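Undergrad: Sequence:
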Amino acid sequence: MKSKNNTLVFFFLCFFFWSAAKCQLFLEISSVDTLHKDKKIAWKVQGKTSYPKGTLLQISFVKNNPVAMRTILTNSFIVQGKDWEFLLGDFEKELPPGKYSITVFFSPQYQEEKTQFTFQKSKYDFFWKEENYAEAFKLQRLAIKKLYTQIHEFYQIMVRDSESAKKMSMLSIWEAGSIQRKRQLEHLKNQKESYNTKYLVPFFHFPFWDTHALLNLLEDIEDEMISYLHGSEESRIPELQSRFCKRWEQARISFVYESLKLDEGNSSLLQEELAQLYASTQDKRSFSSSEKTPDELRTLSVYLCRTKEIKEKFLQPDMLSQASEFFWEISRQIQEIEDQNLSISSLDLFYELSQSLIREWVKSFYQDSALLSQWQKQDFDTIMKKITQSYSSPKIFIKLLLTDLKDMEDKVFSLHQMCSGEWEGDREETLHIWTAETLRKQQNNHYFFSFTQDRKIQSSFREYNKLCVFLNHLCYLLSVSDPNAKQEIASFLEKIKNFQKILE
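Counting along the sequence shown from 1, when you hit position 403 you're at 705 in my numbering, and nothing is skipped either side.
It is worth saying that the hints were derived from the structure and are not from the lab.
Since this is a predicted model, take the numbers as computed values, not measurements.
Be careful, since some hints might not be right.
Cut-off 25 Å, straight-line C-alpha distance, at most; resulting in silico cross-link-like pairs (SDA-like, lysine to any residue) [what the hints assert, rightly or not]:
| id | residue 1 | residue 2 |
| --- | --- | --- |
| 1 | K688 | E640 |
| 2 | K708 | Q802 |
| 3 | K799 | I700 |
| 4 | K586 | E526 |
| 5 | K339 | D597 |
| 6 | K395 | D335 |
| 7 | K548 | Q486 |
| 8 | K594 | E806 |
| 9 | K484 | R549 |
| 10 | K401 | N366 |
| 11 | K610 | D597 |
Can you make the complete structure from the sequences, with help from the hints?
TA: The following block contains the structure:
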């Protein structure tokens, strides 16, 4: 009996290893040769495989941009034997210098018949025209910078002409420049196309999409401006102008970020872009001071804490290689806070803190940089301490809690209407918005209350958090039409009243 069991075990082991070997066939790229003919270019890709004859293999050719992969070509071929060959091309346009990869892979889902073979790939990476890369990067970067500058200047011309026409109530001022503006816009479009079509695929990824979006917005502004100047209340001009400004700023940041990623290790470029970022915040500073509302301080606290987190993350000895990410995060922080409803004084505090962070980063990695002597001398911690003095009074925190409790109290009235069927709006949508809003306030208050060491205030914040959880629970009960919702709403209102009395 024992001998029989051993035989069975041996049989199953043999079957297992046979199956494993069968499922793990090999696939490889042996060589890639560049072919030039009649100003066309192609790549002859050769390899070996043990996949059976008739197997369908996929092949792809990709530009490896560090911010986004760009697929140039995908195709497939059928295995005819152990050796395989495929011609990628013929491309009439030149490829930009840079990193590329050719991948051949087997995927079960592309086979005509069901197979037990698993996914497998072989990849070949290469740097196309590496000797020309630095010069191509320089020229392409300058071309994009010039195009972005011209796009923004054109927008400023539109704003100038429209404001003059509106101020003087003379539509003719706008109409007089119409022909010239359309010519300029067409010129910008041609420049964009010239850049996008110079190579088979663009050198930069983000500008390919951003320039298209920006020029479309400018065209929409041109088309809509007449109705706006006629005083139309339905005009989209304010919205379009806001969208353009935001998109242009996003495009500028994305372009610099991609430039830094494409030329990592270039300390001159990095310091140049950080100097421009520092200068742009300096231009926005007002050096003014004013009293800030609790709600404003709450919003500001979110960005103060996030900036502190950026400092702790990137000011480490081994983080020089993450310079592009540092630029990206601090730039996006500045852009985001400018979209908040904050006073010039609050923004000024944040700009000062951001400048100190840029200085400390440069000081950490480039101690001999000439920029350090041109910038403010106060360090990050000193400025942060100065800013947080605005949060020293317990009254600020109590006032904010009372404001939030009043908002909760107002929501109770609406919840009663929902229970009784008197609510006229979209109940599901409203409950969803309230839930998201409550969670956002909780998160923002977490940052805000981190600036106080007062134990009573911290205890009050914990009680407030419990009410936030209760409110979201009520939103859920209403969304599922729970019969106990009305009773729970009454209990919630009582808790709000009791907490208000304690705070007052």
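Undergrad: State for each hint whether it applies.
TA: The hints, checked one at a time:
For a cut-off of 25 Å, the pair hint linking K688 to E640 stands: about 21 Å separates their Cα positions. Simply put, K708 and Q802 have alpha-carbon atoms about 9 Å apart, close enough for the 25 Å limit, and the pair holds. Of the pairs offered as hints, the one joining K799 and I700 holds, with about 15 Å between alpha carbons and a cut-off of 25 Å not exceeded. Annotation: proposed proximity of K586 to E526 is violated, straight-line Cα distance about 30 Å (limit 25 Å).
As the CA atoms of K339 and D597 are separated by approximately 68 Å, the hinted pair breaks the 25 Å bound. Under the criterion of a C-alpha separation no larger than 25 Å, the hint pairing K395 with D335 is consistent with the structure, at around 18 Å. The suggested pairing of K548 with Q486 holds, with an alpha-carbon distance near 22 Å, which does not exceed 25 Å. In summary, the hint linking K594 to E806 is supported, as the alpha carbons are separated by about 21 Å, within the 25 Å threshold.
Note on K484 and R549: the hinted pairing holds, with a Cα-Cα distance of about 21 Å set against a maximum of 25 Å. The hinted pair formed by K401 and N366 meets the criterion: a straight-line CA distance of about 5 Å does not exceed 25 Å. Proposed proximity of K610 and D597 is supported: the alpha carbons are some 20 Å apart, at most 25 Å.
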